[in-house]
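S.K.: Kindly generate the complete structure, drawing on both the sequences and the hints.
If you're matching them up, the sequences are chains U and L in order. First residue of the first sequence: 1, per the numbering used here; consecutive thereafter. First residue of the second sequence: 1, per the numbering used here; consecutive thereafter.
Hint data in this document are derived by calculation from the structure and do not stem from the laboratory. There may be inaccurate statements among the hints.
Stated by the list, open to error - Quick list of the computed label-pair ranges, beta carbon to beta carbon:
(1) Trp97/L x Asp35/U: 20 to 26 Å
(2) Thr139/L x Gly83/U: 53 to 59 Å
(3) Gly108/U x Thr149/L: 33 to 39 Å
(4) Pro48/U x Thr139/L: 20 to 26 Å
Unchecked claim - The calculated SDA-like cross-link candidates involving lysine to any residue, where the alpha carbons are at most 25 Å apart (straight line), are:
(5) Lys119/L x Arg29/U
(6) Lys119/L x Arg22/U
(7) Lys119/L x Asp84/U
(8) Lys119/L x Arg130/L
(9) Lys119/L x Leu9/U
(10) Lys119/L x Ala92/U
Stated by the list, open to error - One-sided excerpt, in silico: chain L residues whose CB lies under 10 Å from chain U:
(11) Ala136
(12) Thr139
(13) Gln142
Virtual Cβ for every residue (Gly too), placed ideally from N, Cα, C.
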Amino acid sequence: MRDLLASLLELQELEIILEECRIVHGDVRLPAAADVEVRVQHLRQSVPPPLLRRFDALRRLGPAVVHEQGGTCNGCHLNVPRGDLNRMRRTAAEWVCPNCGRYLMLTG
Amino acid sequence: MDINLLLPREHVVLAAAAADRAALLGFLTAPLVVDGTVTDEGEFLAEVERREQQVTTQVAGGIAFPHARSHCVRRLGLVVGTVEAPGVPFGVDGREWCRLFLLIAIPASAPTAHLPLLKHLTGIVRQRARVARLLAARTPAQVLRLLATPRG
Numbered sequence: 001m002r003d004l005l006a007s008l009l010e011l012q013e014l015e016i017i018l019e020e021c022r023i024v025h026g027d028v029r030l031p032a033a034a035d036v037e038v039r040v041q042h043l044r045q046s047v048p049p050p051l052l053r054r055f056d057a058l059r060r061l062g063p064a065v066v067h068e069q070g071g072t073c074n075g076c077h078l079n080v081p082r083g084d085l086n087r088m089r090r091t092a093a094e095w096v097c098p099n100c101g102r103y104l105m106l107t108g
Numbered sequence: 001m002d003i004n005l006l007l008p009r010e011h012v013v014l015a016a017a018a019a020d021r022a023a024l025l026g027f028l029t030a031p032l033v034v035d036g037t038v039t040d041e042g043e044f045l046a047e048v049e050r051r052e053q054q055v056t057t058q059v060a061g062g063i064a065f066p067h068a069r070s071h072c073v074r075r076l077g078l079v080v081g082t083v084e085a086p087g088v089p090f091g092v093d094g095r096e097w098c099r100l101f102l103l104i105a106i107p108a109s110a111p112t113a114h115l116p117l118l119k120h121l122t123g124i125v126r127q128r129a130r131v132a133r134l135l136a137a138r139t140p141a142q143v144l145r146l147l148a149t150p151r152g
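M.R.: Here you go:
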């Protein structure tokens, strides 16, 4: 799950960069941005479609993947119950914040 | 967008005496460190540099929007800086020179929080007359007035 979420985190970062490019550079096509687009396509193909659909739905509302820090979700800033975190670490549960539904990259 | 909340007078650095990009980014980051927006200057500057290497934030007219998302950023922050002509070499290859800089600090927990601000600022710097007035500004209050409204 960690590798998958690392891919989604990178995908999120690169998609935000492309959004920034559209705002800052407008219609100007930069070679570096084209490289980012290629990497985005590669990452999108490497993620299972159901996860990608959920990721895209979350991205429409803001960040889809956030970090957990000290038992708190960095997206909604609410505590994640320790039992839930333990189940996630045992991979008995999906790494998703039970409060806001965002993908949760666990620390450690 | 109420830019006054994001841009206290201390966040306007006029005629910064920087010889290169690294020195300039250090000048611009200092106010963010002083007011606690950025908790680790070195980490933030490394992230800004990394972001700049991915796709440059420099646009035509000698303007750049350096920015970075980082865990060491506690809240959204903005610093506006100008340098005297001819400017500072800013592009990745060092060939392009810039005189107007809009540095944005973005918390890692809110990675898209800056997009409305970026839209607001790019709308302003596409107005050549406004950029000329920004570069000629002699007080932070003048800069604030010029950045506060999308048109004018």
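S.K.: Could you run down the list of hints and mark each one as holding or not?
M.R.: Evaluated hints:
1. Trp97/L x Asp35/U: 20 to 26 Å: holds, 25 Å
2. Thr139/L x Gly83/U: 53 to 59 Å: Distance hint for Thr139/L, Gly83/U holds at roughly 57 Å.
3. Gly108/U x Thr149/L: 33 to 39 Å: violated, 47 Å
4. Pro48/U x Thr139/L: 20 to 26 Å: For Pro48/U and Thr139/L the Cβ distance comes to about 56 Å; the hint is violated.
5. Lys119/L x Arg29/U: Given that 25 Å is the threshold and the Cα spacing comes to 18 Å, the pair holds.
6. Lys119/L x Arg22/U: With a Cα-Cα distance of about 10 Å, the restraint between Lys119/L and Arg22/U holds, given a limit of 25 Å.
7. Lys119/L x Asp84/U: Distance of about 39 Å is beyond 25 Å: violated.
8. Lys119/L x Arg130/L: Measuring from Cα to Cα gives roughly 16 Å; hence the hint holds.
9. Lys119/L x Leu9/U: holds, 24 Å
10. Lys119/L x Ala92/U: violated, 42 Å
11. Ala136: violated, 23 Å
12. Thr139: The hint is violated - Thr139/L has no Cβ within 10 Å of chain U, the shortest such distance being about 27 Å.
13. Gln142: Violated, because the Cβ-Cβ distance from Gln142/L to chain U comes to roughly 24 Å (cut-off 10 Å).
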